[in-house]
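In case you want the letters, here they are:
There are 2 protein chains.
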Amino acid sequence: VTQGDTPSTGSTPNTQIRRLPERQVHDRAALDALLDAALVAQVAVVDEGRPYVVPLAFARDGDRLLVHGSTASRAFRVLAQGVRTCVSVTVLDAVVVARSQFHSSMNYRSAMVLGAFAQVVGEDKDHALHLLTARLLPGVDWQRPPSRKEAAQTSVLALALAQWSVKASAEDSPQDDPSDIDAPVWAGVVPLTHTWGSPRPAPDLPAGVDRATPRAILDWPQGRA
Amino acid sequence: VTQGDTPSTGSTPNTQIRRLPERQVHDRAALDALLDAALVAQVAVVDEGRPYVVPLAFARDGDRLLVHGSTASRAFRVLAQGVRTCVSVTVLDAVVVARSQFHSSMNYRSAMVLGAFAQVVGEDKDHALHLLTARLLPGVDWQRPPSRKEAAQTSVLALALAQWSVKASAEDSPQDDPSDIDAPVWAGVVPLTHTWGSPRPAPDLPAGVDRATPRAILDWPQGRA
Chain A
1 VTQGDTPSTG
11 STPNTQIRRL
21 PERQVHDRAA
31 LDALLDAALV
41 AQVAVVDEGR
51 PYVVPLAFAR
61 DGDRLLVHGS
71 TASRAFRVLA
81 QGVRTCVSVT
91 VLDAVVVARS
101 QFHSSMNYRS
111 AMVLGAFAQV
121 VGEDKDHALH
131 LLTARLLPGV
141 DWQRPPSRKE
151 AAQTSVLALA
161 LAQWSVKASA
171 EDSPQDDPSD
181 IDAPVWAGVV
191 PLTHTWGSPR
201 PAPDLPAGVD
211 RATPRAILDW
221 PQGRA
Chain B
226 VTQGDTPSTG
236 STPNTQIRRL
246 PERQVHDRAA
256 LDALLDAALV
266 AQVAVVDEGR
276 PYVVPLAFAR
286 DGDRLLVHGS
296 TASRAFRVLA
306 QGVRTCVSVT
316 VLDAVVVARS
326 QFHSSMNYRS
336 AMVLGAFAQV
346 VGEDKDHALH
356 LLTARLLPGV
366 DWQRPPSRKE
376 AAQTSVLALA
386 LAQWSVKASA
396 EDSPQDDPSD
406 IDAPVWAGVV
416 PLTHTWGSPR
426 PAPDLPAGVD
436 RATPRAILDW
446 PQGRA
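These protein sequences, in sequence, are chains A and B.
Read in order, the letters of the first sequence are residues 1 to 225 in our numbering.
Read in order, the letters of the second sequence are residues 226 to 450 in our numbering.
These are calculated hints, taken from the structure and not from any lab test.
Source: prediction; values computed, not measured.
One or more hints might be untrue.
Claimed, not checked - Below, computed lysine to aspartate or glutamate pairings styled on EDC-like, alpha-carbon distance capped at 16 Å: (1) B:K350 - B:D286; (2) B:K350 - B:E375; (3) A:K149 - B:D402; (4) B:K374 - A:D177; (5) A:K149 - A:D177; (6) A:K125 - A:D61.
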């Protein structure tokens, strides 16, 4: 893996996939769809020479990826310095049961974004905080926005979607060796589904507040994971 | 984050959680339960000074974590050298809709394991390959095991569960500020469920093979993600 420039296509030496290149997806729309479906990103931080991976809530905002966290977080303080990072986002779609153990696998979509985070401040920070909530809780427009104190306790960082790659495996059927196809055994694909369960209203909702799930939440898209 | 020894408890300076320490779980059973539920681990690799995070299928084998991949994979070749790594495993359980944007959050379970992978060889490798399949496809005992050539193309690495931490958030109700509780708005918890969909038999199953989903697969535990 060698150094490359940072073109908008996302296809640079750093993000070329060497193994199974047929699984690489060059479509920016596929990146956006994955980032908009996933709820958590795994973010690499190298701190005093040691690698750490921290799971963070995130949101895509056009051509950048936003994360937020406490200003007291060590990982955020290190990331805010603009060190190199890698963000990995993965959604699992199915388990593939082949006739052979070797060809058994998972269907998945996975993105890698390389670069360095930069701190988001001022009005852009207010916009980013709003957008992070809007992505997590689509249509929920009744919440109290952050107070000045709450915003001050929150660090917001942005990473450009410049160097990225998407890998996906979406086998409709196991890719078995021809010599295994006639084995008298079951083979197939078992989908893994990510759906919303029944919302539980807070037990301390004041009298007079409708406990029924709001329409906006009933309308949340399925498949987020 | 500073260097620590590697006691079996997993409680070392490297894995002490500084933010929100009340969310830290010290129970080894909680680590095992999370690792046994999750299907993918996010593994840090530092290659020529740059951090990468790669999603890998994995399995817990007692006090170690096993991963496997192609011997041609650059990430596997680097990890096999015994460099420091961090493995992150996260399962999302719910979205928490608070009265305030600030207190909205996710319920999750997340593990971090620090250390260095070592190559698994010989009979132990055969055992590890068997176990990786058994964890992914519980009860599926009819598959052709790896040929000598397939096993030779596969690299198996193990990481001791020595330095680890588990964080979990499992709010039954949003943790709002007292001054927000009387707001006349809905608040609550929306569970995110991970379930198996309807298995699709391979279209090329030979005549005479029952297309119905085998009992072992119908019995797969829910909640894997």
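Hint check:
no. : hint            : in the structure
1   : B:K350 - B:D286 : holds (12 Å)
2   : B:K350 - B:E375 : holds (12 Å)
3   : A:K149 - B:D402 : holds (13 Å)
4   : B:K374 - A:D177 : holds (13 Å)
5   : A:K149 - A:D177 : violated (61 Å)
6   : A:K125 - A:D61  : holds (12 Å)
Hint 5 from the list above is the single one not met by this structure.
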